[in-house]
Amino acid sequence: MDSTILTTIAILTLVGIVVAVVLYFVAQKFKVEEDERIDKVEACLPGANCGGCGSAGCRDFACKLVAAPEIGSLFCPVGGNDVMQKVAQVLGQEVVAQKKMVAVVRCNGTCENRPKTNDYDGYASCKVKAALYSGDTGCRWGCLGCGDCVAACKFGAISMDAATGLPVVDESKCTGCGACASACPRTIIELRTLGPKDRKVVVLCSSKDKGAVARKACKAACIGCAKCQKVCPFGAITVENNLAYIDFNLCKLCTKCVAECPTGAIHKFNFPEKPAAPAAAPAAPVEKAAPAAVKAEVKAKEETA
Amino acid sequence: MSKTIVSPAPHVHSEFSTVRLMRDVLIALAPAVLVSLYFYGWNALLLLVCCVATCMAVQYLIEKFMLKCSVTVMDCSCIVTGVLLALNLPPAAPWWVAVIGSIVAIGIAKMSFGGLGQNVFNPALVGRVFLLISFPVAMTTWTAPQSWFHSVDAFSGATPLALINEGLHSGSTVQEILAANPDLTPAQMLFARAGGSAGEASVIALLIGFVYLLCRRVIKPHIPVTIWITVAVMTGIFSLCNPAEYTGPLFNLFTGGLMLGSIFMATDYVTSPMTNKGMIIFGVGIGVLTVLIRFFGSYPEGVSFAILIMNLTVPLLNKYCKPVRYGYGRRK
Amino acid sequence: MITFKIGGVHPHDNKIARTEAIDPLAPPTKVAISMAQHLGAPATPVVAKGDKVLVGQVIGEPAGFISGFVHSSVSGTVAAVEPRADLAGNMVPHVVIDVEGDDWLPSIDRSSTIVKDITLPREELLAKIKAAGIVGMGGATFPTHVKLNPPEGKKAEFLIINGAECEPYVTSDDRLMREKPDGVVVGAAIMAKVLGGCKCFICIEENKPEAMEAIQKACVTFPDIKVLKLKKKYPQGGEKQLIDAVTGRQVPSGALPIDTGCVVQNVATAYAVYEAIQKNKPLFERVMTVTGQCVAGPRNLLVRLGTPLSYVLEAAGGVPENAAKFISGGPMMGKAIANMEATTQKGSSCLLLLTEEQTRRKPEGNCIRCGKCTEACPMGLEPWLLNKLARAGGRMDELEENKIFDCIECGCCLYTCPANIPLLDVIRVNKAEVMKIIRSRAKK
Chain A
14 MDSTILTTIA ILTLVGIVVA VVLYFVAQKF KVEEDERIDK VEACLPGANC
64 GGCGSAGCRD FACKLVAAPE IGSLFCPVGG NDVMQKVAQV LGQEVVAQKK
114 MVAVVRCNGT CENRPKTNDY DGYASCKVKA ALYSGDTGCR WGCLGCGDCV
164 AACKFGAISM DAATGLPVVD ESKCTGCGAC ASACPRTIIE LRTLGPKDRK
214 VVVLCSSKDK GAVARKACKA ACIGCAKCQK VCPFGAITVE NNLAYIDFNL
264 CKLCTKCVAE CPTGAIHKFN FPEKPAAPAA APAAPVEKAA PAAVKAEVKA
314 KEETA
Chain B
1006 MSKTIVSPAP HVHSEFSTVR LMRDVLIALA PAVLVSLYFY GWNALLLLVC
1056 CVATCMAVQY LIEKFMLKCS VTVMDCSCIV TGVLLALNLP PAAPWWVAVI
1106 GSIVAIGIAK MSFGGLGQNV FNPALVGRVF LLISFPVAMT TWTAPQSWFH
1156 SVDAFSGATP LALINEGLHS GSTVQEILAA NPDLTPAQML FARAGGSAGE
1206 ASVIALLIGF VYLLCRRVIK PHIPVTIWIT VAVMTGIFSL CNPAEYTGPL
1256 FNLFTGGLML GSIFMATDYV TSPMTNKGMI IFGVGIGVLT VLIRFFGSYP
1306 EGVSFAILIM NLTVPLLNKY CKPVRYGYGR RK
Chain C
246 MITFKIGGVH PHDNKIARTE AIDPLAPPTK VAISMAQHLG APATPVVAKG
296 DKVLVGQVIG EPAGFISGFV HSSVSGTVAA VEPRADLAGN MVPHVVIDVE
346 GDDWLPSIDR SSTIVKDITL PREELLAKIK AAGIVGMGGA TFPTHVKLNP
396 PEGKKAEFLI INGAECEPYV TSDDRLMREK PDGVVVGAAI MAKVLGGCKC
446 FICIEENKPE AMEAIQKACV TFPDIKVLKL KKKYPQGGEK QLIDAVTGRQ
496 VPSGALPIDT GCVVQNVATA YAVYEAIQKN KPLFERVMTV TGQCVAGPRN
546 LLVRLGTPLS YVLEAAGGVP ENAAKFISGG PMMGKAIANM EATTQKGSSC
596 LLLLTEEQTR RKPEGNCIRC GKCTEACPMG LEPWLLNKLA RAGGRMDELE
646 ENKIFDCIEC GCCLYTCPAN IPLLDVIRVN KAEVMKIIRS RAKK
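Residue numbers (this note's numbering), protein chains in the order written: chain A, 14 to 318; chain B, 1006 to 1337; chain C, 246 to 689.
Okay, chain A solo, but in the shape it has when bound (with noise of 0.2 Å):
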């Protein structure tokens, strides 16, 4: 054999052997103690490092939940209880299953129902935008339109519809993270829990602008009317600074509110389809559509009323 080729091999094998030496001395040098079950946990976590339970991180978020004493507190939005589940089991603790959140947006100002006063013309961003003026239509309160809330979403749960100009979540998408919520500079998307069917009625508007104003803006706004507090038989519905706003823990989606506001600012979702109903009697397929025990329990409460 060439000797150029048995100087190489002793060369490569002395400079490996030596890396190897060192390489290991650091290792030793520098190790982390670290609790095992802390990969354990981050197993069990989704990943998507979107932030949503507080913590910096997925990583960030076992930490937590390795060093609780009480894991009651700390909640994955984005894996739910199933993940919450594992993850008690890994730690050897016990969770109480937590009612999924989704997102809402609480804007119905439509370019139909909102007209442009103004072109806006700068960096498509609700933070930009909003930091300059009070927005392209009459609306101080409402949605801004330049999808900053679409733009924080890691799940793909929020686009735009151009047609409205709105967001529109996507519920089986969305995780309840929060990161739209804190995105929107007007504060208007909310996190609630669903009813039973992913049924929700939500006031889809957040002017705090008097009546007058705020019906010259907007053809969909609350005026702060108070006719669906008045007509709320659970007292879920709270109206403060000209805005209705119905608690999602108190309602019992029984619509009345819906069939009472007179701008059409409050909306039900996914209720039946109600079929094609004369005008004339609005109130009696919302009627139907509510579940029996509700219905009995409005009964009641009149009753009593």
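Think of the hints as simulated: they come from the structure by calculation, not from any bench. Take these hints with a grain of salt, some might be off.
As the list claims (entries may be wrong) - For each label pair, taking beta carbons as the anchor points, the in silico distance ranges come out as: (1) V1054/B <-> A69/A: 49 to 59 Å; (2) D268/C <-> V181/A: 47 to 57 Å; (3) K113/A <-> R684/C: 49 to 59 Å; (4) M585/C <-> V1054/B: 54 to 64 Å; (5) V181/A <-> G1119/B: 24 to 34 Å.
Said to hold, decoys possible - PhoX-like, lysine-lysine: derived pairs with alpha carbons at most 20 Å apart: (6) K1282/B <-> K250/C; (7) K232/A <-> K281/A; (8) K221/A <-> K240/A; (9) K444/C <-> K474/C; (10) K213/A <-> K112/A; (11) K444/C <-> K462/C; (12) K77/A <-> K99/A; (13) K1225/B <-> K250/C; (14) K607/C <-> K1008/B; (15) K113/A <-> K167/A; (16) K1327/B <-> K633/C; (17) K229/A <-> K112/A; (18) K1324/B <-> K444/C; (19) K243/A <-> K186/A; (20) K210/A <-> K240/A; (21) K53/A <-> K77/A; (22) K99/A <-> K53/A; (23) K1008/B <-> K229/A; (24) K361/C <-> K250/C; (25) K229/A <-> K243/A; (26) K129/A <-> K1008/B; (27) K213/A <-> K186/A; (28) K250/C <-> K1327/B; (29) K476/C <-> K250/C.
Where is the CB? At the ideal position from N, CA and C, for every residue including glycine.
Using the hints provided, position chains B and C relative to the given structure of chain A.
Leaving out everything else, chains B and C in the frame of chain A:
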């Protein structure tokens, strides 16, 4: 009246636009292109057309069918790449070399990094170096400059740098080689008589382009000037120490792609540093590497490699060479 | 000729209204005077619906240390005290007054004689400036009395009167200097006295030779006031840039001009100080340029504060057919107006109308890393980098490392960017966020 426009300040914009900058570069290249057409005739024109057309086509196809994004062929940046590549080819190169080079330049060096503004290396230089390594014969068959639109004869000359290189290898001194080739005076090269790439025919034409770019504020003089100074100083020292083996500053400044490279390739926005400090380091680096490659490397020409190597340092230069900030230096 | 050293751009100055003399504009039938015409807390209205007011009467009192008095600009009856939309559409308390006649407070000296002797002592001068509701009239509207009263231990060496007017189109300061040079110079002398007798420079850009000459003539009797010629370059009138140009000093990052011994005041402020001290006239009117290539009659108007912008525009020939953008201030730093029913304020130096071609932004392209923004930035920042970091998802620590908080929002980067990248839009909001983080850290 339509709706009023509302936007954050400022409400007016300067006359600068990407298209305008690229168009200015093309205008600045015009003298060199015309000179190359004059001396090398139809084949130079064929190469130019092949390069530009291929660059535009490749960019269009990639944007339209692979990236499916908006097509930006009209921003002229791919035309600049095409023209620069054409000027970097030997005038007698076959047309398919130009096509392959253009595909590599746009397809690999530019678009695979994400298109305009994202590439690490100067696309035209990547194309050229790719060809130089892949088709060494086609890329080093030189033609001596002819007069207006003669058909290119089989006559092949060599570039001044290659002449020197070969001569030195066969044991002659620089003086002997220069004496044997009376064409190799700086004055000759200044006014176009040097064999070499299509764009290297005339130093004067390139300098006219340089002045135009400066006047239009397209480039700053920092990079080319530091390259020239570095090359002049280094070659000056070398040739003073050993005039038999090393050529002098003027010879080195006016030969090879140094002028073309320093004015048009090293100043490429995307692959050069942003701050003055960074530009000077970048220029010095190119100068040093060029001289080292020319004097001690196996290639007679070093500018392409020098620029490509220094392209690699740009992110680092941008990170560490910050502009002079207001409010941190002079106090009270 | 002097100039600042770092960055800057050279927009066309378009001073089309520079030949028009200042014209007093008759008060409209109704004014709405904003209580937030100054930086800081909005003033508290001290009149109620139905009150009769005279021109120059106090209608708003300061609500905090950094705040200011607001005076009525007309005589008449208060019609309402209510929140109204300002020019950005945000709700701000306003006092709405129905105009009846034009009765001024009797204490105001309406004669045109020039009073040069400054008789009052320093404290009284300061109190009077405060009572006159004077704020920085270049646009920043920082209360002047606060600026003229440096904190303990800090001494002003130089008073710099800013007559650069580097914003294109705007000519109000130019006309003021040409027509009222004595007032400006006496105002400067008063402020120098308030600051304890410091050296005073009046700085004027080279494109205003007439103003320069007039001020020089008026300065003859004031040996402590010097006139300096500035190179025409934007943002020459920026506070920090001006200090650099005049003294060669730089305001350290995060510090105030007074830390370098400098106080910068606008020429319009100087004139307002003159009127307040020598003429007992509080700040209720100002010179305002109405301009733009599309405007039928570009003018320099002396307008009462609280005049609706639509009324001001009528005086310059009405709303042109092709006007697309209405700007309060100059084209580089002015605010686009979303609400034309908004009214003039102490900081309204200009009402600029631009056409769609002049102002519509071009579509954003890729950054070609040309470095033009870095070259243009007068603070020596790297706008391209800040934009990249911010858009890569709020890299706040790196933004801070790259001094985003030093941005003065002059607009040079966006102005010069060949790819039309909305650099300043992005930097502005992220700067605000970084500042918030820095402040919250300082509190801890």
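**Prompt:** Out of the numbered hints, which ones does the structure contradict?
**Reply:** Hints 3, 17, 18, 19, 20, 24 and 25 are the ones this structure does not satisfy, whereas the remaining hints hold.
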